[in-house]
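A.B. asks: Sequence:
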Amino acid sequence: MTAHAPTPIRATPTYPPAVHPAKHPLPADNLEDFAREVVVFTMPPGDVGRLMERAESDLPGLASLAAALRVMAHNPDSVWAIARRSDPLKSASAEGFVGFLMLNAEGLRRLVAGSFDASDPDLDLLCRQNERPAGIYLWAMWARNNLVAGIPLAFEKMFTPLTRDADIYARAVTQDGKRLLETMGFRPGAVFENLSHPGLHSLPRSGVPADAPLYDRYGQGRPDKAISVTVARSMEDLMRVVAIRSAVYIAEQECPYLEEFDGNDFSSTHLLAYVGNEPVGCLRIRYFADFAKIERLAVRKEFRKMRISPHLVEAAIELCQAKGYQRLYGHAQKRLVKFWSQFGFRTFEGGQELVFSDFDYVEMQMMTERRPNAITIGVDAYLTIRPEGQWHRPGVLEKSRARPVTRPSIDRGAA
4 MTAHAPTPIR ATPTYPPAVH PAKHPLPADN LEDFAREVVV FTMPPGDVGR LMERAESDLP
64 GLASLAAALR VMAHNPDSVW AIARRSDPLK SASAEGFVGF LMLNAEGLRR LVAGSFDASD
124 PDLDLLCRQN ERPAGIYLWA MWARNNLVAG IPLAFEKMFT PLTRDADIYA RAVTQDGKRL
184 LETMGFRPGA VFENLSHPGL HSLPRSGVPA DAPLYDRYGQ GRPDKAISVT VARSMEDLMR
244 VVAIRSAVYI AEQECPYLEE FDGNDFSSTH LLAYVGNEPV GCLRIRYFAD FAKIERLAVR
304 KEFRKMRISP HLVEAAIELC QAKGYQRLYG HAQKRLVKFW SQFGFRTFEG GQELVFSDFD
364 YVEMQMMTER RPNAITIGVD AYLTIRPEGQ WHRPGVLEKS RARPVTRPSI DRGAA
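Residue numbers (my numbering): 4 to 418.
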């Protein structure tokens, strides 16, 4: 990859016409062939001001130095320096940079909704260094001439165990930028949950559809250690739920069978958590007039160190929000109030203390804002006949509308 002029990309990246893009997607198999003289390393905070001052003439609208330092302090893996390979006894001097924003689920949601402020990112929307991002936004790039060869090396830094499954998003505001992104493997458009943004480009990497919500991310062939959650939709799925709850509640907590399987399982939504293809946890949701009740959270003992429970709870919250519920409710064992509090559940005035199946419980509830994309009357009517938890993709009945209307039973009756 070469260039004859400065190659700026800013907070809403702009790619100038001087770039001659590579003919293969990133990360390249032959990086060493065109980047032998370039190195990439975590940006030292002391170099940021100098480089941003040099880049400012090429990048009008570049995020402020204060914003860059805040993001780097929050997650040091956000900004990578590009430098020429120097004498081994000397420190390489940063001459270019590539910035990434590690977005949590809410950050990615706002990015695709078009309400994310990349010029002054809210740290509450960004992951820390030890957290797995829901998506990665290509925040800023600046390099001159042959230092552009360091860009794919910086992308390679986004293939750690924490980041390699997160899709990467970028915005091109010129035709040359669009061509460069697509040469690198980016696709036009971005989707997340029920949201879409045609002005973004995305680089899918997870093997899971980019629009898959938290409650529909399981698929055969997932990596052995990948954690995913899906809605139970078959009798076999329900058998897995029964097996998990029997192991946890009946075997471990000595709950009587008739108290654990209480007659509500066929009027509920069940979520199943997997590690790879192994079912490891479950959760149940029941629906009432103005609230949804989250209950029966269970994780197999041998998988509890993998933090399966948060995946299930977050998926349940997201599913309830998709259905339009603003109040979520549950009975928490007293010893687990702190666990539920981290998701926004709170005890409340007048809440009752309960005792059943030999444990003590308290009422908790969580209030959420109504999502603008929640399923309501007035949206596409086909959404309401799609399979539970798969409202983001066309269903089998939707596909049947391609057939002509024949009313076969009516016609037979008339004959």
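There's no promise every hint is true.
[What the hints assert, rightly or not] Below, in silico cross-link-like pairs of lysine to aspartate or glutamate (EDC-like), each with a Cα-Cα straight-line distance of 16 Å or less:
#1 K304 - E255
#2 K304 - D363
#3 K296 - E317
#4 K337 - E317
#5 K337 - E366
#6 K326 - E255
#7 K337 - E356
#8 K341 - E366
#9 K326 - D383
#10 K341 - E305
In short, the hints are calculated from the structure, not lab data.
A.B. asks: So, for every hint listed, does it hold in this structure?
C.D. replies: Here is how each hint holds up against the structure:
With a C-alpha separation of about 9 Å, the suggested pairing of K304 with E255 holds against the 16 Å cut-off. Our distance criterion of 16 Å between C-alpha atoms is broken by K304 and D363, whose separation comes to about 21 Å. Using a Cα cut-off of 16 Å, the hinted pair K296 and E317 holds, with the two alpha carbons roughly 14 Å apart. For the proposed pair K337 and E317, the alpha carbon gap of about 20 Å is over 16 Å, so the pair is violated.
A threshold of 16 Å between alpha carbons decides the hint, and for K337 with E366 the separation of about 10 Å falls inside it, so the pair holds. This hinted pair does not check out: K326 and E255 have alpha carbons roughly 33 Å apart, beyond 16 Å. At most 16 Å may separate the alpha-carbon atoms for a hinted pair to count; K337 and E356 meet this at roughly 9 Å. In summary, the hint linking K341 to E366 is supported, as the alpha carbons are separated by about 13 Å, within the 16 Å threshold.
The straight-line distance between the Cα atoms of K326 and D383 is roughly 14 Å, inside the 16 Å bound, and the hint therefore holds. Proposed proximity of K341 and E305 is contradicted: the alpha carbons are some 22 Å apart, above 16 Å.
Taken one by one, the earlier hints fail for this structure at numbers 2, 4, 6 and 10, listed in ascending order.
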